Amino acid sequence: MAIVSATDQTFATETKDGVTLVDFWAPWCGPCRMIAPVLEELDQEMGDKVKIVKVNVDENPETASKFGVMSIPTLLVFKNGELVDKTIGYQPKDALVQLLGKHV
Numbered sequence: 001m002a003i004v005s006a007t008d009q010t011f012a013t014e015t016k017d018g019v020t021l022v023d024f025w026a027p028w029c030g031p032c033r034m035i036a037p038v039l040e041e042l043d044q045e046m047g048d049k050v051k052i053v054k055v056n057v058d059e060n061p062e063t064a065s066k067f068g069v070m071s072i073p074t075l076l077v078f079k080n081g082e083l084v085d086k087t088i089g090y091q092p093k094d095a096l097v098q099l100l101g102k103h104v
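104 is the number that our numbering gives the last residue of the sequence shown; the numbers go up by one with no jumps.
Hint data in this document are derived by calculation from the structure and do not stem from the laboratory.
No more than 30 Å apart at the CA atoms, straight line, and that leaves these computed lysine-lysine pairs for DSS-like: (1) Lys16 / Lys86; (2) Lys54 / Lys66; (3) Lys102 / Lys86; (4) Lys79 / Lys49; (5) Lys102 / Lys66; (6) Lys49 / Lys16; (7) Lys16 / Lys102; (8) Lys54 / Lys93; (9) Lys49 / Lys86; (10) Lys93 / Lys79.
Per label pair, the in silico range of CB-to-CB distance: (11) Gly81 / Trp28: 26 to 32 Å; (12) Ala2 / Met70: 24 to 30 Å; (13) Asp58 / Thr13: 19 to 25 Å; (14) Ser5 / Ile88: 16 to 22 Å; (15) Ala36 / Leu83: 19 to 25 Å; (16) Glu45 / Met70: 28 to 34 Å.
Owing to the predicted nature of the structure, the values given are computational and were not obtained by experimental measurement. Even for Gly, the Cβ is constructed at its ideal location relative to N, Cα and C.
From just these sequences and the hints, can you work out the full model?
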């Protein structure tokens with residue numbers, strides 16, 4: 001499954017089914033650029049079990065505000081539309097696999 005970009009309007013639809021990892025990011029954020037290839041790898045390895053969604057905080061302030069995103073990257077895990085986990089800052093792939101493993 002490919003990584004999907006969500007907007008304030010599509011966020012609820014993108015996160016309503018199954019396990020979804022949401023990456024709140026911005027193009028000017030260094031750690032966000034560092035984590036992008038990690039998310040690509042995760043998508044290739046776990047894409048059948050986990051959907052990955054990216055939300056640009058500059059273009060979608062409503063969603064970022066709703067979930068209290070104060071620093072980026074912030075990664076939220078949703079299961080069937082419910083927020084179940086959260087981590088902030090750059091995370092190595094192993095840490096994300098472990099985080100997601102609790103919910104798949």
